[in-house]
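*Asks:* Residue numbers (the numbering used here), protein chains in the order written: chain C, 247 to 1030; chain P, 247 to 1030.
Source of the hints: derived by calculation from the structure; they are not laboratory data. None of these values were measured; they are calculated from a predicted model. One should not assume that every hint holds.
Which copy is meant is left open, so a pair is good if it fits within one copy or across any two.
[To be verified] Only pairs whose alpha carbons sit at most 30 Å apart, straight line, appear in this in silico DSS-like list of lysine-lysine:
#1 791 - 746
#2 958 - 749
#3 749 - 430
#4 958 - 430
#5 430 - 629
#6 829 - 749
#7 430 - 829
There are 2 protein chains.
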Amino acid sequence: MTEPTDELRRVDAYWRAANYLSVGQIYLLDNPLLREPLRPEHIKPRLLGHWGTTPGLNFVYAHLNRTIRERDLDAMTVIGPGHGGPAMLANTWLEGSYSEAYREVPRNEEGMRTLFRQFSFPGGVPSHVAPEVPGSIHEGGELGYSLAHAYGAAFDNPGLLVACVVGDGEAETGPLATSWHANKFLNPATDGAVLPILHLNGYKIANPTVLARIPDEELDALLRGYGYAPRYVTGSDPTRMHAEMATALDEVLTDIRRIQHEARDGGEATRPVWPMIVLRSPKGWTGPSFVDGLPVEGTWRAHQVPLASVRDNPAHLAALADWLHSYRPEELFDEAGHPVPDVLATIPRGDRRMGANPHANGGLLLEPLRLPDFTAFAIEPAKPGASTSEPTRILGQYLREVVRENTGSRNFRLFGPDETASNRLDAVYEATGKQWTAEVLPVDEHLARDGRVVEVLSEHLCQGWLEGYLLTGRHGMFSCYEAFIHIVDSMFNQHAKWLKSSKRLPWRRPVASLNYLLTSHVWRQDHNGFSHQDPGFIDHVMNKKAEIIRVYLPPDTNTLLSVADHCLRSRDYVNVIVAGKNKSPDWLPMPQAVLHATRGAGIWEWAGTEDGGPPDVVLACAGDMPTLEVMAATAILREEVPGLRTRVVNVVDLMRLQPPSEHPHGMPDPEFDALFTTDRPVIFAYHGYPWLIHRLTYRRTNHENFHVRGYKEEGTTTTPFDMRVLNDLDRFRLVIDVLDRVPGVGVTTASLRQRMTDQRARHRSYIRAHGEDLPEVRDWAWPY
Amino acid sequence: MTEPTDELRRVDAYWRAANYLSVGQIYLLDNPLLREPLRPEHIKPRLLGHWGTTPGLNFVYAHLNRTIRERDLDAMTVIGPGHGGPAMLANTWLEGSYSEAYREVPRNEEGMRTLFRQFSFPGGVPSHVAPEVPGSIHEGGELGYSLAHAYGAAFDNPGLLVACVVGDGEAETGPLATSWHANKFLNPATDGAVLPILHLNGYKIANPTVLARIPDEELDALLRGYGYAPRYVTGSDPTRMHAEMATALDEVLTDIRRIQHEARDGGEATRPVWPMIVLRSPKGWTGPSFVDGLPVEGTWRAHQVPLASVRDNPAHLAALADWLHSYRPEELFDEAGHPVPDVLATIPRGDRRMGANPHANGGLLLEPLRLPDFTAFAIEPAKPGASTSEPTRILGQYLREVVRENTGSRNFRLFGPDETASNRLDAVYEATGKQWTAEVLPVDEHLARDGRVVEVLSEHLCQGWLEGYLLTGRHGMFSCYEAFIHIVDSMFNQHAKWLKSSKRLPWRRPVASLNYLLTSHVWRQDHNGFSHQDPGFIDHVMNKKAEIIRVYLPPDTNTLLSVADHCLRSRDYVNVIVAGKNKSPDWLPMPQAVLHATRGAGIWEWAGTEDGGPPDVVLACAGDMPTLEVMAATAILREEVPGLRTRVVNVVDLMRLQPPSEHPHGMPDPEFDALFTTDRPVIFAYHGYPWLIHRLTYRRTNHENFHVRGYKEEGTTTTPFDMRVLNDLDRFRLVIDVLDRVPGVGVTTASLRQRMTDQRARHRSYIRAHGEDLPEVRDWAWPY
């Protein structure tokens, strides 16, 4: 073994400094530079954090710094083992980017004390690589999404290198396991590079990891099968590891440059085999080897806090002091607590520092989308309900223009799990293709090496890519079958938490909202049935902070266009749009649609039979299918109960139903009462699970009179109208609901109730005999 | 190419019959045997279904039949491409198992007509391999879970072969991508075998698949990297493909037998490399090659219904007739519509038929667990709250005995994502180990080649394995961090839908419930913080059918034991148990705990200050942490407002809060009113998101007076008590809530309100100064 170069000596100094600062964060309340002997009162009362992964992360960061400096790279990291919060905090503090975001934590002894104390401390900073950490677009508490985020960040950033550390625990998750295949969707000419660094430290919380316990040749085959050329850095001796890591990084970066060069200059059209690094180092590397006689370094016992009783156990205290001194802090920090020149020497400058890279604070780079005039796509029904259109098909035409208008900026993408065409957005293919760098056959359609549509049969990947794309300052939309968006429930949770936390950080700039278009929805799953019927994502998102969440249920095409335009302009939200793809009536001319979407809820005067006085009943609806059935019920009532004064209220923006105290969009009580009255029966036909409407309205004066119909988990492969009958959302049932609830009307209309019941039976028996709906339902149009 | 053997001629006949029946299901209303020329009125009005994957599934089934018969195998299938419903319906009808389950669909012409007509038809059968299909434990509508289900079925079934068809679309999902690694958890000595058959038909809905478009050597490396020895069957010529598939199956089954033999007889202790098959055949194989001039067979256009306009377009009708005739049905079915002897010859007999295999109707094989007396683990507090215990730690002791008592039956497993020890259930390791067949090092603990605990860092795998295990007639529990159970929201949806549908099928026997133990919950995430805080799974499960869903929030250890015992005895439910792992007070002696758990909700008379008359206020609680805070608030009120009559209601079984019309456990109104009064303020401290309590109680008389506190998405890495203060669930806030709501009390207690506010501030500032909770909170005990 040769002696280390001066450069690697400096990298080692930097690494020791980062390790020292990491241990300090986990343990020390005070005495940050060990100027006095370590005493129990210097130790935090509750020892919290994850040491195990941290030294490896510091090692990677140190080496990336060296290469960034040497090659003037535009690079950022995604840290899969987000538990290793101390690492990223230590590194950003060392490089100065932390103190720029948090002036109260300067790069000196006082700042170091604060850095240590605040970690996992009440009122301080979280223990993970949370939004509070500069340079991060990935929290990593949940595990599984790092590599997808990294690829999302690399899309359309040809100059960017995204180094992604994948923990071997995380590598066992499903989302991570499929994320390796993202290289089939990366274009070396127009996208940046992702450098996966699989960190095999061998253990999870309490178990070995799968990838650390398969034979080397299996691991190698697996990674090559995923389409990478792995390079291994294995060991525990720091000097040797520094040399190996430096060589490895130099080689893979040269490879990446070659790949990009060939693709960009030579027009190389085959999918490259991208390099990656496998770093096999001990868990808790450089930490205590044994504690209380049991092996710790290199085992799962190093996962959290290796020395657990430092305050009470003098042996533990002494071991901690030895451990801290082993990094020789006196060589790393000067009298003022500032890193010495040797430590600073490997750190890149300015925005090249990974904690200061603007891509990791995407709002800094965000340019508004150029949005076409959505009213140009307006449907113009001669009268309400006189025509039908397929809402998402028209939306597809609008999105096609969004793609075209922003071609130059390359900052808009549409993600979907192989459903863009099924969801009838395929007009976008007139403007762009589907990004695909794997093999193409002559029979294929719309595949492109540079496309704005990204499709893969993994909702996890779609979500992860889009999150990475948005957090690095771009725009996008995720179109998905409504039922299967639950696959990413937990990813949504994490993103919503990220947004909530980010909004409270002045230095994080707003990013484009995450827009979901949920279609092929519960009421139209003709080819599939029960497994594809679940409108509960709305309920799920409602549990997150109101300041983040928006839910829209446009009743027709024009309203959908207006809503989509609004969502694409918004920032820092999660917008959920639920809209149908099947032909459905056009209710509102565009000017009214815009007004209606803007108000979020309103009376459709033309549909009701009010006469200036209070109505006898309110028929409310939210969602395209419920709107259709309410309109049909209204028409029946108009004919059959001529004196009945009905009011039709349509709700687009579901958040309007809540009180303003619960949601910024919430309607004040007087406005709510003006729509829904204070004492009249309200029959509410809702797209999803009915109890959500109760949850939103239970504080309202008239809530007691709300009767909600919606999906109640009845379904199979059947006709659209049969689905509504199965769930009591059909027009006949709604008429019966009215008769049951408007005092006095029921008595005079006993025969109508019976006829409605008979109609339900007639339809069901026709459907069961003929396998399709009666034309009078299929082709129904608002008759007035 | 040699001529096919007679046997393979018969397999081909069987295959043609299955293909014919599949096409018939998608298209035909009548004329099932084409006894007359095909006319538009024979065609279904709505053509629904998925042809593309179907012929490949039929091919696999036909060949499995041959080998089952030849080797007398105990085999079942899991069909990942569940969209291929027509295939499984065709095969089970051909083999007779379908008609045994559905006598109204006999194996003759009339039955064939019914089989065709009912498919994807209102009142008929769903288009997927749904619960309605004999021989299935997997619906496959959502994609991603087939291989996990297959391994779950194989665990502890050493004589069983589970052939699992993985579609190349499904293979892109995260859960499937990590499921390949399940072979590191399969013990060849004591478990059965899984034979993955990766079906590369090249396309999804509208795109090529990733695995079909990477070079052969990459695919081979990938599968070898996953630990399999792949064998390829590639082509489209039926005769050649039959020969190749027969040879491949014979070889892999011989390999499997050898592996099992070595492990069972020789005690071979290394992880075997299991064989698998890659079947590369055209999508829509044997269907129309071109339609309207565009290629269909072998492309994505074959995904659903290749000929879409058969009723209206005479050319399509003629093409359909040609297609159907191409299978030569006259050679396959006799005059009565019964399969001819050559077709029947390859079909196994009796329970060896895959549609009749009892493992696929697990309730048939289900043996009740032998359950230890849980009261033996009772905590005996001298008085309520006088002692503390860690609920899940005691539960772990009980589960240890469950493991021991059922060692012989080998029908109980505990699944977890590397959290069994973290969740403090580690007493189970006194009785068993963690199943692990990858490499073991001397430093490892509790790993075993035959263990009842199965841990992998993938909630998807845990859930999928458990589902497969339960549906094949065994028992289990899934312990998980509460926040991360959302990762399987969508899998839960599908399982709940499966149970709901199964319950309506008399031939499907009840299976053991799916038991979730959610711990390391929102209120105690000391090492982690915000990303680990989400109690919303309860909200999510509540959207499914009430007949399936049970949710328990035991307030202490004894109650948890009673609840767990109850859940392990139950059938066909999803039981969600939320319980803490940290030390918390023991409130109820065991006899009361049993009574309380059985009642599900009740007044804790000893905790309140009622005097026989109506209380002034009801303090209700559900969950361990809310119970503690309510008890502390009650104690404060007892001292500070001596005349105040408080009632404490604790809720274990959340479903009790609903009306009986909504849930079988629902309390009748009089009982609810007796607990919660009809007019007194109710301060309800709830474990999760507060609005759920409103959703459950909005129909109750006294709902207007309910004031609910719970988690409102505020959190970070901080102390347990600070978490409660952040979310307004702390005792001081609850006292203020009482003062705010009990008429008259507030006036006389202005100083108390102020003191409570001061206390909150005092605690917060102590916490922020010292990093831990005040001892008076940490060590609080019920003082009466």
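*Asks:* Now tell me, hint by hint, if it's right for this structure.
*Replies:* We went through each hint and held it up to the structure:
Taking the closest pair of Cα atoms, residue 791 and residue 746 come within 30 Å of each other only inside a single copy of the chain (7 Å); across copies the shortest separation is 33 Å, beyond that limit. With identical chains, the CA atoms of residue 958 and residue 749 are at most 30 Å apart between copies only, with a shortest distance of 17 Å across copies and 36 Å within one. Within a single copy, residue 749 and residue 430 get their C-alpha atoms no closer than 34 Å, and across copies no closer than 43 Å, so neither meets the 30 Å cut-off. Neither within a single protomer nor between protomers do residue 958 and residue 430 lie at most 30 Å apart by alpha-carbon distance, with minima of 41 Å and 41 Å respectively.
Taking identical chains as interchangeable, the C-alpha atoms of residue 430 and residue 629 are never at most 30 Å apart, the minima being 49 Å within one chain and 65 Å between chains. When the C-alpha separation of residue 829 and residue 749 is checked against a cutoff of 30 Å, the pair qualifies neither within a copy, at 40 Å, nor between copies, at 35 Å. Neither within a single protomer nor between protomers do residue 430 and residue 829 lie at most 30 Å apart by alpha-carbon distance, with minima of 35 Å and 50 Å respectively.
Of the numbered hints listed earlier, those contradicted by the structure are 3, 4, 5, 6 and 7.
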